[in-house]
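Chains as they are written, first to last, in my numbering: chain R, 3 to 270; chain X, 3 to 270; chain E, 3 to 270.
Possibly wrong hints are sitting among the right ones.
Note that identical chains are pooled: a pair holds if it fits in a single copy or bridges any two copies.
[Said to hold, decoys possible] Cut-off 30 Å, straight-line C-alpha distance, at most; resulting in silico cross-link-like pairs (DSSO-like, lysine-lysine):
| hint | residue 1 | residue 2 |
| --- | --- | --- |
| 1 | Lys34 | Lys197 |
| 2 | Lys185 | Lys197 |
| 3 | Lys185 | Lys221 |
| 4 | Lys221 | Lys22 |
| 5 | Lys22 | Lys34 |
| 6 | Lys34 | Lys221 |
| 7 | Lys34 | Lys185 |
Please keep in mind that the hints were generated in silico from the structure rather than gathered at the bench.
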Amino acid sequence: VAERAFDGVITSPLCGRPPKPRTRGQTMLLDKGLGLSETGDLLEMAADYVDFIKFTFGTAALYPTELLRAKIALIRSYGVDVYPGGTFLEIALTQGALPSYLDRALALGFTCIEVSDGTIDIGREERRTAISQALALGFTVITEVGKKDPTEPFHLAEASDMINADLAAGASKVIVEARESGKGVGLFDPQGNLKADDLATLIHAVTDPDVLMWEAPLKSQQEDLILRLGSGVNLGNIPPAEVLALEALRCGFRGDTLRAALARQGGN
Amino acid sequence: VAERAFDGVITSPLCGRPPKPRTRGQTMLLDKGLGLSETGDLLEMAADYVDFIKFTFGTAALYPTELLRAKIALIRSYGVDVYPGGTFLEIALTQGALPSYLDRALALGFTCIEVSDGTIDIGREERRTAISQALALGFTVITEVGKKDPTEPFHLAEASDMINADLAAGASKVIVEARESGKGVGLFDPQGNLKADDLATLIHAVTDPDVLMWEAPLKSQQEDLILRLGSGVNLGNIPPAEVLALEALRCGFRGDTLRAALARQGGN
Amino acid sequence: VAERAFDGVITSPLCGRPPKPRTRGQTMLLDKGLGLSETGDLLEMAADYVDFIKFTFGTAALYPTELLRAKIALIRSYGVDVYPGGTFLEIALTQGALPSYLDRALALGFTCIEVSDGTIDIGREERRTAISQALALGFTVITEVGKKDPTEPFHLAEASDMINADLAAGASKVIVEARESGKGVGLFDPQGNLKADDLATLIHAVTDPDVLMWEAPLKSQQEDLILRLGSGVNLGNIPPAEVLALEALRCGFRGDTLRAALARQGGN
């Protein structure tokens with residue numbers, strides 16, 4: 003962790019979380035195609051706050067090969083994990099191309115694989131096999147629960163079962179789907195408000211809540227989850243331009259969580 | 003077209019469109035002032051997906067001259083056409099400065115000119131003359147139909163007439179106005195939903211639908227138009243940060259259009 | 003002021019404002035963590051249009067020290083003032099760390115200090131003292147009125163008193179709070195519409211309206227304030243990517259204010 007500009011002068015109002023590499027308090031950025039100098043800018047400033055960068059949906063297929071290699075290498079040089087979106091693996095499955103997909107991803111330098119069924123349906127066995135094959139190649143595996151289609155309801159019992167099966171199969175983290183919009187999907191109602199009972203049900207389903215990562219693209223969602231679950235909550239689908247703003251929320255350096263931190267201290 | 007990172011492994015679920023230079027499946031980006039390194043980042047990654055960059059409204063007037071020249075040269079070096087917003091030409095017309103406007107635009111390196119009447123009223127003859135003068139200097143001419151003022155209704159019959167007159171006068175493409183917001187303007191209702199009947203009417207008015215370009219700043223609009231008109235639809239006013247996301251929609255590399263592609267294949 | 007690309011060809015439809023350094027027509031950008039090359043890109047293009055850059059809330063605490071120094075130096079080299087968000091000073095006050103906060107800010111190169119009470123309550127005397135201490139170190143002082151919590155009403159009489167007290171204490175400008183969202187805060191209703199009567203009341207409270215700066219993150223708000231108060235209005239919390247778009251509004255180079263400018267000329 004680099005020296006910070008106000009070290010020794012100002013203390014974070016909310017307690018921090020462990021430094022990287024960490025298993026709680028992780029942040030995953032949703033990358034829709036940051037350029038190389040933009041990626042360098044971001045990491046130079048905020049690498050300590052970023053655990054994963056996801057090249058969302060199938061955007062990884064759209065890069066010139068050499069540029070993709072260079073970007074992945076840059077991200078890894080800052081100690082950040084990087085993976086293609088789950089939709090891309092779903093496409094590979096529909097094309098019967100999982101092994102060559104995993105081999106290519108490995109050759110390009112990706113460190114993680116996401117296994118999801120947000121768009122297509124995958125059988126339990128097929129899902130477990132995909133996890134195993136990725137693990138066998140040395141990838142970290144992240145899985146996702148929840149459908150992208152807003153007309154498909156989110157079944158809590160099914161999601162809980164799947165989470166536990168994925169963890170048993172070797173997944174490091176399970177992401178709860180909220181898409182890029184955060185509205186009318188997974189735990190969020192059409193206005194983007196958190197369904198607190200559903201959140202509690204999912205947390206109750208797992209032995210260790212730190213294995214869950216919540217997609218929370220909107221600031222109100224990030225704030226809500228931090229206030230309910232603490233600064234050490236795992237948050238995903240964060241827009242890259244919001245990385246310092248999220249970190250400020252986590253640390254109480256922003257009005258919304260600062261107010262809560264002061265109230266807890268019985269302060270001001 | 004450069005080699006892509008997953009060539010030979012994954013196939014696009016939706017059929018592609020022709021490589022550049024192309025007359026269908028074009029993408030026009032709305033540039034509100036990308037810096038020089040940001041522009042380089044964008045083009046290095048996505049030049050194959052971009053046909054036009056528009057320096058929106060009168061922003062071209064606000065650049066230091068040498069920076070504007072350098073940015074235009076950079077864009078052209080990637081085989082992308084570049085032009086100032088139509089509002090800027092409208093200002094030139096109100097100031098009786100059309101010839102010097104065109105000369106300056108040419109000297110700066112712009113390759114296209116947009117002729118519109120989104121804010122001011124222009125007579126038929128004046129519009130035709132503007133098109134001719136731009137053509138005479140060697141510019142590609144793009145025209146636009148539709149008013150920016152949300153209180154002015156969009157007259158389909160008038161728009162159809164104007165589209166055909168513009169094409170007869172030598173315009174390469176006609177853009178249908180949706181502004182940066184995409185709401186309550188042209189073919190979109192105040193919530194940004196497409197008026198499908200109006201779309202059909204406009205398409206019916208032209209011999210070749212490929213001459214139309216639809217401003218579609220919102221993802222839901224891009225998706226809707228791709229699903230109705232195919233991957234080869236011409237789309238404009240795309241935010242630069244969305245260029246890979248749009249390309250993913252066009253190729254079926256994103257949940258929304260992937261689902262439709264699979265349904266058509268009778269697949270998964 | 004650098005030469006502009008269409009100088010001598012097109013005239014701004016709305017009258018301009020004085021060149022920098024200026025006391026009216028100022029623009030303050032809300033910076034949530036622009037990287038170094040992005041900042042360079044922005045300033046190379048638009049430094050003449052930017053008077054202040056605010057590192058919003060407590061983001062200044064999150065930078066690696068050397069990167070923060072380099073970014074501040076870059077901003078200053080373009081003649082732009084730079085300061086940490088008011089929330090950060092509020093945190094310093096709750097931690098009894100105001101003197102060391104000001105010293106560190108000075109050492110890092112910040113040129114301004116914002117004094118606010120958006121999240122915590124500060125007594126009149128404490129506020130005056132903070133202003134004095136910052137002035138004594140050579141900072142320009144900007145204060146802010148208005149609470150960030152949407153459940154706390156905006157008291158016009160209190161705000162007017164505070165504005166005048168701040169100016170008497172040596173503040174150069176007083177900002178009227180609207181947050182990053184611009185909705186349900188200060189002068190804006192929950193839809194982000196301006197409460198015109200409240201605006202008039204605040205303007206009436208001060209001898210010189212140029213000392214007020216209006217946070218106006220949304221385009222509709224910028225447009226409304228420019229049409230009511232003129233191109234020379236001071237506007238803050240502008241997203242950096244909108245800087246040319248705002249300048250186009252100020253100059254009448256965009257449909258919305260162009261229409262108004264032409265109507266006033268009795269033109270077109």
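Okay, the hints, checked on the actual structure:
1. Lys34 x Lys197: Both ways: Lys34 and Lys197 sit 27 Å apart in one copy and 29 Å across, limit 30 Å.
2. Lys185 x Lys197: Both: 11 Å inside a chain and 23 Å across chains, each within 30 Å.
3. Lys185 x Lys221: Classified as both: same-chain Cα gap 13 Å, cross-chain 14 Å, threshold 30 Å.
4. Lys221 x Lys22: Within. Shortest intra-copy distance 23 Å satisfies the 30 Å Cα cut-off; inter-copy 35 Å does not.
5. Lys22 x Lys34: both (24 Å within a copy, 22 Å between copies)
6. Lys34 x Lys221: Cα proximity of Lys34 and Lys221: in one copy and across copies (18 Å, 13 Å).
7. Lys34 x Lys185: both (18 Å within a copy, 24 Å between copies)
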